[in-house]
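Engineer: Residue-level listing of the chains:
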Amino acid sequence: MEFAFSEEQEMLRRSARDFLAKECTPKVVRRLMESEDGYDAGMWKRMSELGWTALGIPEQYGGVGTFLDLVVVLEEAGRALLPGPLFATMGLAVPALIEAGTDSQKKHVLGAIASGDARATLALTEPSGRWDADGIKLVAHQAGDGWRLDGVKAFVPEAARADYMVVAARTRSEGEDGVSLFLVKGRPKGMAVAQLDSLDMTRRWSEVRFDGVELDGNALMGAAHTAWPQLKRALEWGAAALCAEMVGGAQKVLEASADYAKTRQQFGKPIGIYQAVSHRLADMLVLSESGRSATYYAAWTVDADAPDRSLASSMAKAYVSDAYRKIAGDGIQVHGGIGFTWEHDMHLYFKRAKSSEVTLGDATYHRELVAQALDL
Amino acid sequence: MDFELSDGEKEFRDEVRAWLKANQPRDRGSMAEGQKKFIEGRRAWQKKLFDAGYVGITWPKEYGGRGAGFMEQLIFNDEMILAHAPEPINVIGLGMGGPVVIAHGTEEQKQRYLRPLLAGDEIWCQGFSEPNAGSDLSGLQTRAEDKGDHYVVNGQKVWTTLAQVAKWCMLVTRERKEPNPRDGLTYLLVDMESPGVEVRPLVQITGDAEFNEIFFKDVVVPKSQILGQAGNGWAVAITTLLHERGTLGMALATRAQITAAELAEHARKLGRSSDPLVRQKIAQYTIEARALQLNGYRAVTAMKRNGIPGPEGSILKLMWSELNQRMAETAVDIAGPAGQVGDGDGWRYQFLRSRANTIEAGTSEVLRNILAERVLGLPRSR
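Chains as they are written, first to last, in this note's numbering: chain A, 1 to 376; chain B, 377 to 758.
Next comes chain A alone, as it looks inside the complex (with noise of 0.2 Å):
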């Protein structure tokens, strides 16, 4: 057993780490957050071509290394707040296309990930806001040799820059059994993406109507009816890839708000020196640590494709979820009056933190599955 990243690795994070800090100032999180797009199409170029859009898709598909990797990369990217799809495009579609697209549909759009050239996301959940298969009613109906979709998807995210969308859709009965998915390139009549207004700036979220879309019957994913377990396991990599974003983030409020206890000088000594901020700050490593842990295990029991991969990715999110809040909050406390500004940086991660508390189940939700398969 091994219980850390491999040195090459380590010289993928640091690599990743230099390239975001040149690229991804916060001054151009704050630039790209109050943008249209929220993303910056030549960042994401030489993010391509560092080889980050390849992380975990298959060789034969034009990828190279692991899901291991991508963890890494996406750690860095939530230390650095990177507004855009990476996330949506990396931790959602691609392992979508890899559990349930044909063979067709993984050279073509995974190819064009790889190569940088695509972005994709995934388009499950509904005005409901489950993330379960219950959650699941937009409506695919047979139509002649295609299918044609009614229904809307709420909460989508970077859609609207998105080239593919993998869609969940009910195709008979209800809950497991009659989901499918449809890989949707671009933006066929019918279909209306609308941006939301929402509190983390630095993601985009949308909502997205079917309007009797129809496509062809080469957009169906793999065979109809029985793709959950196929999306329940991208939805697996997608939280462990999540978390990872999320541990990134809740070390770098850790860091920030330790360095500003040593720094910051009241009643004529650092702020660390009492207590009642170093436990604070304490408290705040031991959840940074223990997420830091479930995640990477859960991370690698993705990658291994553990039989426990369900268990650890559940038992990540439900950690992760809760305290990367907690820090992203206490981080605001300790910094004061000017945590609370809008000129700095805390409430941009305290933003980020709930967004992605509340993104592929929160912990309520995954502490249930963890009960679930507690038997209890």
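For the record, the hints were derived by calculation from the structure and aren't laboratory data.
All figures in this text were calculated on a predicted structure; none of them were measured in a lab.
Treat the hints loosely; a few may be bogus.
Said to hold, decoys possible - Quick partial rundown of chain B residues pointing at chain A, CB under 10 Å, derived from the structure:
1. 395
2. 636
3. 637
4. 640
5. 652
6. 659
7. 663
8. 668
9. 669
10. 671
11. 675
12. 691
13. 694
14. 695
Using N, Cα and C, we set each Cβ at its ideal position, and we do this for glycine too.
Chain A is fixed; fit chain B onto it per the hints.
Structural biologist: The following block gives chain B in isolation, referenced to the frame of chain A:
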């Protein structure tokens, strides 16, 4: 990153699994049913484990250990969880006494002390805290007077687990007064059967007397029983505490998983496991116990690279103690009014006993100081 077991490790796991299945005591025993019976049961269990080569798995072979790696220790711990097997008796000796003798002892000392410790023939206790030296250990007042070839020890220690049955005490004494209170300390291994050693039980909030006071009156300790160098006891004490919170931390991670599983079973038996609030709590505890264990795995990987446990071990102890309190409290709560009468499952005892967890072996306050100062680099508060 790799959690797969090698073929050799799998073989070891299967061997341990089969052995535990055939040999573990049917009755785990609990302190609630009487201390003597409990201690003797655990001592016999340790002897059995030792004879099979499962105690001191990472300790050198020439001293009675298995001479295997951390991996085997982890595999063994995991199998103990799966089997719901009880712990051996000599927890202080195994977690601290042995490692500190291996780190600071002479060859003669290693030959003398380690094997009987592993076999459970000689139980160890830790004489650190005093009535006026708790978190501030360097304020200790137990004196060791140099008499040439031996010391004469006078003073008092307190909160000493297992002192009533221990053969050896890891005793930190003051040999000389120095401007820095961390200088001039001498670390002795004291035979608890020596004349002048008196153990008085301290009755705790559980009604048990698991802790003790130890009084030392003109106790003669040969200089061959100094551990490390005379006057340099602080360094030896710190090694002890690092092991206490590090390697013992791994054992705590194991224990947390056992407790979480027992709590789940308790909820099922009570018919409370369909209550969403109970489900949430038990799931949360299980997740935290797992995170605790995974933190330990990361610490072990780091330890394989650097040799000694780092201050991260304090995370394990801090997490475990607070988690254990919450688990025991929930166990009592979900039984409703029945939780406060009778003690069939031992939870009422655990509920009370766990209050000491955040005090013993470094209070949560001290541990947070350690994390703040040594890991985060914040200024010292004292």
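Engineer: Work down the list of hints and note, for each, if the structure agrees.
Structural biologist: Okay, the hints, checked on the actual structure:
no., hint, result
1, 395, "violated (21 Å)"
2, 636, "holds (9 Å)"
3, 637, "holds (8 Å)"
4, 640, "holds (6 Å)"
5, 652, "holds (8 Å)"
6, 659, "holds (4 Å)"
7, 663, "holds (5 Å)"
8, 668, "holds (7 Å)"
9, 669, "holds (8 Å)"
10, 671, "holds (5 Å)"
11, 675, "holds (9 Å)"
12, 691, "holds (5 Å)"
13, 694, "holds (6 Å)"
14, 695, "holds (6 Å)"
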